[in-house]
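Asks: Residue numbers (numbering that gives the first Met the number 0), protein chains in the order written: chain A, 0 to 325; chain B, 0 to 325; chain C, 0 to 384; chain D, 0 to 384.
These are computed hints drawn from the structure, not numbers from a lab. Hints may contain errors.
Computed list of lysine-lysine pairs in DSS-like fashion (alpha-carbon distance at most 25 Å, straight line) [claimed, not checked]:
hint	chain 1	residue 1	chain 2	residue 2
1	C	K277	C	K202
2	C	K30	C	K295
3	B	K46	B	K2
4	D	K295	D	K30
5	D	K30	D	K202
6	C	K69	C	K151
7	A	K46	A	K2
8	D	K277	D	K30
9	A	K46	D	K295
10	A	K46	D	K202
11	C	K151	C	K201
12	D	K151	B	K46
13	B	K46	C	K277
14	A	K46	C	K151
15	C	K294	C	K30
16	D	K202	C	K151
17	C	K202	C	K69
18	D	K69	D	K294
19	D	K201	D	K277
20	D	K202	D	K69
21	B	K46	C	K201
22	C	K202	D	K201
23	C	K201	C	K30
24	C	K277	C	K30
Label pairs and their computed distance ranges (CB to CB) [what the hints assert, rightly or not]:
hint	chain 1	residue 1	chain 2	residue 2	range
25	B	K306	C	D123	51 to 61 Å
26	D	L27	C	P8	23 to 33 Å
27	D	R340	C	R269	54 to 64 Å
28	D	A85	B	P191	30 to 40 Å
29	C	G246	D	D266	51 to 61 Å
30	B	E245	D	P199	36 to 46 Å
31	B	V312	C	A319	51 to 61 Å
32	B	E21	D	V276	47 to 57 Å
33	D	D266	B	T189	52 to 62 Å
34	B	T189	A	V312	43 to 53 Å
35	B	T189	D	R340	12 to 22 Å
36	D	P199	C	G246	21 to 31 Å
All C-beta atoms in this analysis are idealised placements derived from N, C-alpha and C, irrespective of residue type, glycine included.
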Amino acid sequence: MAKLNMVGALNLALHQEMARDEDVIVLGEDVGVDGGVFRVTDGLYQKFGPQRVMDSPLAESAIVGTSIGMAFYGLKPVSEIQFSGSSFQSFPQIENHAGRYRMRSQGRYHCQIVVRMPCGGGVRALEHHSESEEAYYAHHPALKVVIPSTPRNARALLVSAIRDPDPVIFLEPKALYHAVREEVPDEEETVPLGRARIAREGRDLTLIAYGAMMRPVLEAAEVLRDEDGAEAEVVDLLTLSPLDRETLAASVRKTGRAVVVHEAPRSFGAGAEIAASLVEQAFLYLEAPIRRVTAYDVPFVGFAREKANLPGVDRILGAARETLRF
Amino acid sequence: MAKLNMVGALNLALHQEMARDEDVIVLGEDVGVDGGVFRVTDGLYQKFGPQRVMDSPLAESAIVGTSIGMAFYGLKPVSEIQFSGSSFQSFPQIENHAGRYRMRSQGRYHCQIVVRMPCGGGVRALEHHSESEEAYYAHHPALKVVIPSTPRNARALLVSAIRDPDPVIFLEPKALYHAVREEVPDEEETVPLGRARIAREGRDLTLIAYGAMMRPVLEAAEVLRDEDGAEAEVVDLLTLSPLDRETLAASVRKTGRAVVVHEAPRSFGAGAEIAASLVEQAFLYLEAPIRRVTAYDVPFVGFAREKANLPGVDRILGAARETLRF
Amino acid sequence: MPRTRLDLPYHVDYLSILGPDGTLDTDLEPKIDEADLGRLYRAMLLARRFDERMLNLQRQGRIGTFAPIKGQEAAQLGSVYAITPADWMVPSFRETASMLWRGWPMELILLFYAGYLEGMRVPDGVRDLPITIPVASQLPHAVGLAYAARYKGDDAVVLTYFGDGATSEGDFHEAMNFAGVLGAPVIFLCQNNQWAISVPRKKQTQSRTLAQKALAYGFPGTQVDGNDILAVYAASREAVERARDGGGPAMIECVTYRLGVHTTADDPRRYRSEEEVKEWERKDPLTRFRDYLQKKDLLDAEQERRLEEEIAQEIADAVARFEARQDPDPLVMFDHVYAERPPELEAERQELAERLRGTGASPAEGEAPAPTPMRGQRRTSRWPN
Amino acid sequence: MPRTRLDLPYHVDYLSILGPDGTLDTDLEPKIDEADLGRLYRAMLLARRFDERMLNLQRQGRIGTFAPIKGQEAAQLGSVYAITPADWMVPSFRETASMLWRGWPMELILLFYAGYLEGMRVPDGVRDLPITIPVASQLPHAVGLAYAARYKGDDAVVLTYFGDGATSEGDFHEAMNFAGVLGAPVIFLCQNNQWAISVPRKKQTQSRTLAQKALAYGFPGTQVDGNDILAVYAASREAVERARDGGGPAMIECVTYRLGVHTTADDPRRYRSEEEVKEWERKDPLTRFRDYLQKKDLLDAEQERRLEEEIAQEIADAVARFEARQDPDPLVMFDHVYAERPPELEAERQELAERLRGTGASPAEGEAPAPTPMRGQRRTSRWPN
Ligand SMILES: Cc1ncc(C[n+]2csc(CCOP(=O)(O)OP(=O)(O)O)c2C)c(N)n1
Ligand SMILES: Cc1ncc(C[n+]2csc(CCOP(=O)(O)OP(=O)(O)O)c2C)c(N)n1
Ligand SMILES: [Mg+2]
Ligand SMILES: [Mg+2]
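With the hints as extra help, turn the sequences into a complete structure.
Replies: Below, the structure is given as structure tokens:
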């Protein structure tokens, strides 16, 4: 048991899974000798050698495309796209193939691959280094889209993703890479994909978020208790797709009110699906419109203005209070 | 004034815009000598020559990427992606550049480009030839996503798209290419982008759709009148993004009930945004949950089973009746 | 060394063994035993006849759009003959001849083009991938397979097909480069059939040959007469042996011609001349190989007639099996989405199942069954009345 | 013609004029007038000093991540000097020297790296594109610009930059191929600085040179000593003239070295040796050019000292202007999304404006102001109470 940050926790998952199963291999830009630009793959090259930890040429489509081919042979490639902002270069491989091969081959082949990619803002980064692309992946059927929120669940989710027989897009909120340390057990831990977790119980309002937004959301929940005497239930999705509609609906049937928070621009974002699903499954329980607290519908703002664009405690509180008072 | 199908109407728009403005050029796979695999660019090569109508190599990223470069020089390229199923090959150029360049260059450059692509099912096509990708494009800020529903509005929308200073993803429902003929005036017609149209007035229920789904939706509306005595209002979005929230909300404030219909898989699809937006803007008027009638969350089914997957009159009626009776 | 010409390690050769006029380069003639020569001819003829039958079925509306192979039989069979069943074959969408050779039942192929995904269920034991439609996107899969084979200590090689147009796609480039860097045992077999739909080879790229593109990735590229099954085989065998021995990837450009339509949705008269087609019909790989066998006394008119009969029967039987196998039950669409169906998808399946059963007054369309609402359970003062 | 070696139209030359040891090939030495030699040296020195200053500002937290250029000044200035202001320059993200030469004020560049998009507002009259971060994705833009220039009857050429790593991307391939087919006047200037972050050139591709990749597209590729400003200029001028005269695209590979970090977020000690860096420091393009000028009596210690002083002052002034120009008003984020703001975006802007004004008790966050609900206006029997 060690106190690890998210980078360390993910690294632990990779080390252990690679030791456990020699079909697990890692590839991507700078994942080998350099240990990944965020050091998530640190030490793997030294431990498992260049056959299993491959510094690939700079070509995202081929990184995912060759991973797919490897999977047909029984390997379990964990590839890294250096930033989710360059993940669209591999989008055709993901959309046209990873998310279709089981269906296309009627079960003869499937893509047991994990495509890891750091996502999200909050790190004073250049353009294409702080975007949130989850909704694009979530819309495609047959993919799984996972996004951890703490070191411990990051480790367990990555282990589960690697063992999952279906393609997993594994989004790593880079703002959380070094944000906190948490006890992470040495022994293996997994978390079933497709299940949200109740990060905080409450009865007055449901706050729904994932990834880096969990921190301001949990902080807002504390403020609501202290200043408003309101108990917010907080749902941490962990898996965005397939969406755990049951947990969401159950919470909102209890609280009657919901606010969804994400970093991506609002329109046609993940928050829309969550809201639409709640309307379908908990309409008669809704006592206020479902609000979305998100980035604005702008393509990129530069890090000097990122704070104004991304949801923070204040905006979450504002929306929560409006919803409570509605 | 001639009775044209949608192919003819789009072709008219291209002929007239190219004649009017020599900065308008056309490029793509097979758009020249062959006139496009659907003949939308028929005759342009013969009329305007190879400098303005370019048969490009088989490379979607470069088709859009060079269009972007041309736009910086003042040209107005109308490119064709042969099927929207190959449009993800150009997604990085669209997402990383077309939808960001005005912002990135702070107004110095912008991308006055139209990327045309046939979309949707209903034509007994192979995989990747019948998908509906609109939600991916709609989620990216700074793009416009347009989808016509009749020959006449197709022509007017394409003219407006070509003249629009921002990048337009122009989705052409291939099931409608030859579906009907309509009088299309010789004289220029435009339609403001960003505005939905009320295709049918009604007070009991709002049916919301676009593109090829307009036909079963309008048919369902007739059945509802005849068999149920219910008057459905039908909204045809025409522009998916930016979404005409005002028209949608106004209709649902009047009817209190809404059903959204689209061909794309449901989860994280365009219907989610429409539902979420209605909840935000018309919550107190809603008398029933907003239902979505869509394809199932499966990647592809093969045309032998496509009918069971895509919304038809029956399914729309079912959802409408449930909503009316709620 | 102010201005020096660099010496590049590879060059581009052109290979032709059995000329269009029947002349044979006996030095280069590959040794193929008589039985195999017979099998190859039969496979060519079967592919030709099956192609014709499919065209016919398509015109009758019994199958949908497909890509005929007429004219490309030598390029496909000459190359696929060079690999073993333990090797892998990664097709694009125009390799019916290679697929038949590898053991795909004709009825599966028909089923696929009739809109049933069941048709792409690769037969057990056949180490092929299904058809890939997005041009060039299968090439990285071939590289991944090849790498994995080596990783697993397996000496299999991977033969992958693509067209002249495919060489313009980014995926072609990325896959070729990966293969070079990884030293992956892949044979990149380009069927340069002169056209990418309506775009002629000359407009596809300025490079003089397609084979020379391999030089950009540090491995050999060879151009062969793609209508000469002996040359295709010789070049392929060389590449396969090299790859199997750890020599890494190779590219082969087969110069051939699509004698028919691009797909059944295409009208080639719009973009190419009858004369051009005629010119290439004279180089038909099937007649060329037939003449070769006749000269060798391995085929006579009677044998040819019997072969045609056999093949006609085989195809007729396959068509019958195909007709019998069409089961449009739509519920299978939920079967191979994920390994395990998530709740939402299960609900969608049930919704469709109920719709099919025609039970229930219009079930909630395309929606998970809503939980019974507990009306009045919660109320808020904001709801008037 | 059974097996024949094909004659390819282009070959790959290597060009070096001013050797690392100071030897000069006077036959090939380009004629550059003295004033321009002085301008070029000044530009090299400014670029070097500005780079150092930026590193320093970054370490102080006054700007964010950026990509230093130390070691690549000759590759950038030798090439950019070969185009005119009427030509176009399309950078990647590591061309600060070229940008300064083209007229970008230093404060703009600083502003950009401090997280303000205003910094990429290309100065009026400067025919450059802003920095592009997705590797190789700027290359098709260069081709489009070049095509459009010809279409408009303008004889401008386009110079575009990219790294060794960029040659692996699909966009490199597609852009090169388009340029070849279109005969577009583009100079593809590859700065092969030996590393793509931690990946060495050798692992990036198996091809012996990067220049030879041009052969795959049917146009010439030349490899030059990229730390030799004379060779870079000579090769660039040749390519520019050829392109301007309708000869089409060319690729130049500048063999150079990144002496510093990949970006300020990188630690090169993890992947390369000190010795390698030392080795390349001996080939520093700045000292090599300085020696050349000194030998020509165009530069002495005193001039050098004055130049350093001037440059230091220039940079200090720019930093001061940069500090003064930082205006974090977030409302500008809504200004260049579309030509005209759609209603939803306008509502979002107003929402933020109100939030900034601190007025209103917690406005609807990130949501268009909801229309005043008309409570009770419509009711349905399904709502109990
Ligand atoms: C990525 C992609 N772009 C476009 C298409 C449409 N398309 C299908 S086949 C084809 C031409 C392919 O030409 P080539 O590679 O020469 O192969 P051939 O058809 O001649 O066998 C095109 C443009 C596609 N399927 N995928
Ligand atoms: C498409 C894409 N993939 C990955 C990255 C991350 N990245 C930025 S620079 C770089 C290396 C670039 O190497 P090279 O082309 O040699 O240029 P250099 O940095 O050496 O100038 C990488 C991998 C990116 N920006 N874009
Ligand atoms: Mg072809
Ligand atoms: Mg480099």
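Asks: All hints are to be evaluated individually against the structure, with a verdict given for each.
Replies: Against the structure, the hints:
{"no.": "1", "hint": "C:K277 x C:K202", "verdict": "holds, 22 Å"}
{"no.": "2", "hint": "C:K30 x C:K295", "verdict": "holds, 13 Å"}
{"no.": "3", "hint": "B:K46 x B:K2", "verdict": "holds, 22 Å"}
{"no.": "4", "hint": "D:K295 x D:K30", "verdict": "holds, 13 Å"}
{"no.": "5", "hint": "D:K30 x D:K202", "verdict": "violated, 38 Å"}
{"no.": "6", "hint": "C:K69 x C:K151", "verdict": "violated, 38 Å"}
{"no.": "7", "hint": "A:K46 x A:K2", "verdict": "holds, 22 Å"}
{"no.": "8", "hint": "D:K277 x D:K30", "verdict": "violated, 32 Å"}
{"no.": "9", "hint": "A:K46 x D:K295", "verdict": "violated, 55 Å"}
{"no.": "10", "hint": "A:K46 x D:K202", "verdict": "holds, 20 Å"}
{"no.": "11", "hint": "C:K151 x C:K201", "verdict": "violated, 41 Å"}
{"no.": "12", "hint": "D:K151 x B:K46", "verdict": "holds, 19 Å"}
{"no.": "13", "hint": "B:K46 x C:K277", "verdict": "violated, 29 Å"}
{"no.": "14", "hint": "A:K46 x C:K151", "verdict": "holds, 19 Å"}
{"no.": "15", "hint": "C:K294 x C:K30", "verdict": "holds, 16 Å"}
{"no.": "16", "hint": "D:K202 x C:K151", "verdict": "holds, 22 Å"}
{"no.": "17", "hint": "C:K202 x C:K69", "verdict": "holds, 23 Å"}
{"no.": "18", "hint": "D:K69 x D:K294", "verdict": "holds, 24 Å"}
{"no.": "19", "hint": "D:K201 x D:K277", "verdict": "holds, 20 Å"}
{"no.": "20", "hint": "D:K202 x D:K69", "verdict": "holds, 23 Å"}
{"no.": "21", "hint": "B:K46 x C:K201", "verdict": "holds, 23 Å"}
{"no.": "22", "hint": "C:K202 x D:K201", "verdict": "violated, 33 Å"}
{"no.": "23", "hint": "C:K201 x C:K30", "verdict": "violated, 35 Å"}
{"no.": "24", "hint": "C:K277 x C:K30", "verdict": "violated, 32 Å"}
{"no.": "25", "hint": "B:K306 x C:D123: 51 to 61 Å", "verdict": "violated, 31 Å"}
{"no.": "26", "hint": "D:L27 x C:P8: 23 to 33 Å", "verdict": "holds, 27 Å"}
{"no.": "27", "hint": "D:R340 x C:R269: 54 to 64 Å", "verdict": "violated, 45 Å"}
{"no.": "28", "hint": "D:A85 x B:P191: 30 to 40 Å", "verdict": "holds, 38 Å"}
{"no.": "29", "hint": "C:G246 x D:D266: 51 to 61 Å", "verdict": "violated, 37 Å"}
{"no.": "30", "hint": "B:E245 x D:P199: 36 to 46 Å", "verdict": "violated, 57 Å"}
{"no.": "31", "hint": "B:V312 x C:A319: 51 to 61 Å", "verdict": "violated, 36 Å"}
{"no.": "32", "hint": "B:E21 x D:V276: 47 to 57 Å", "verdict": "holds, 54 Å"}
{"no.": "33", "hint": "D:D266 x B:T189: 52 to 62 Å", "verdict": "holds, 56 Å"}
{"no.": "34", "hint": "B:T189 x A:V312: 43 to 53 Å", "verdict": "holds, 46 Å"}
{"no.": "35", "hint": "B:T189 x D:R340: 12 to 22 Å", "verdict": "holds, 20 Å"}
{"no.": "36", "hint": "D:P199 x C:G246: 21 to 31 Å", "verdict": "holds, 23 Å"}
Going through the hint list in order, the structure does not satisfy hints 5, 6, 8, 9, 11, 13, 22, 23, 24, 25, 27, 29, 30 and 31.
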